[in-house]
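Modelling step: build the complete structure from the supplied sequences, incorporating the hints.
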Amino acid sequence: MGSDTRTRLLEAAAQLFREQGYAATGLKQITTEAGAPWGSLYHFFPGGKEQLGVETVAHSGTRYLRLFDLVYGRADGDAADAVLDFFQLSVDALEKSGWGDGCPIATVALEAASTSEPLRHACADVFAGWRAATARRFAMEGIEPAEDLAVYVLAAFEGAIILSRTSHDTGPLQVTAKIVAQTIRDRRRSGGSAD
Numbered sequence: 001m002g003s004d005t006r007t008r009l010l011e012a013a014a015q016l017f018r019e020q021g022y023a024a025t026g027l028k029q030i031t032t033e034a035g036a037p038w039g040s041l042y043h044f045f046p047g048g049k050e051q052l053g054v055e056t057v058a059h060s061g062t063r064y065l066r067l068f069d070l071v072y073g074r075a076d077g078d079a080a081d082a083v084l085d086f087f088q089l090s091v092d093a094l095e096k097s098g099w100g101d102g103c104p105i106a107t108v109a110l111e112a113a114s115t116s117e118p119l120r121h122a123c124a125d126v127f128a129g130w131r132a133a134t135a136r137r138f139a140m141e142g143i144e145p146a147e148d149l150a151v152y153v154l155a156a157f158e159g160a161i162i163l164s165r166t167s168h169d170t171g172p173l174q175v176t177a178k179i180v181a182q183t184i185r186d187r188r189r190s191g192g193s194a195d
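So in full-length UniProt numbering, spot 65 of the sequence shown is number 65, and the numbers just go up one at a time.
Simulated from the structure, these hints should not be mistaken for lab results.
Keep in mind it's a predicted model, so treat the numbers as computed, not measured.
Don't take every hint at face value.
What the hints assert, rightly or not - Below 27 Å or equal to it, Euclidean Cα-Cα: the simulated BS3-like pairs (lysine-lysine) are:
(1) K49 <-> K28
(2) K178 <-> K96
(3) K28 <-> K96
Below you can see the structure in the form of structure tokens.
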């Protein structure tokens with residue numbers, strides 16, 4: 001029962017942070033969305049909103065990493081196809097949500113990077129984990145420089161989400177997905193050497 005309530009609070013916070021941002025999301029709104037009693041929030045997160053934010057970022061980061069692993073597996077281990085599929089999931093999510101379903105990590109990072117060290121560190125840790133996982137996949141396929149390409153893919157993905165979300169147009173995500181996938185294919189063919 002307790003862990004279920006805690007998970008509901010984390011997932012409600014993640015959804016609200018993704019849709020409206022960290023600062024605009026109130027604790028009462030989170031408990032209402034989670035269907036949780038008010039006292040449960042401070043029971044599970046005695047550090048208040050900042051602790052909830054840090055743990056929500058970590059929770060969301062882990063969920064997205066699992067999703068990437070699932071997408072990668074469905075793409076039969078082809079990084080370029082996995083990137084295309086992952087970008088397409090974001091296209092679908094933005095369209096279905098009326099442009100509200102962005103990346104919960106980026107949304108929090110943009111707001112809190114200069115105002116909360118714990119939140120900044122939580123976001124940085126998630127992004128570092130995503131980069132490392134992506135770089136490992138690239139290296140396994142002989143796509144080099146794996147670390148640099150992982151930074152490029154993540155930066156392109158997050159930037160394309162922001163552009164698509166603010167313009168209410170999935171074009172930036174779709175265009176970026178094609179270019180990123182082609183870059184990965186080119187690096188695989190060239191063995192990672194510069195053109």
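Here is how each hint holds up against the structure:
Simply put, K49 and K28 have alpha-carbon atoms about 11 Å apart, close enough for the 27 Å limit, and the pair holds. Taken as a hint, the K178 and K96 pair is honoured in the structure, with Cα atoms around 21 Å apart against an allowance of 27 Å. As the CA atoms of K28 and K96 are separated by approximately 26 Å, the hinted pair is consistent with the 27 Å bound.
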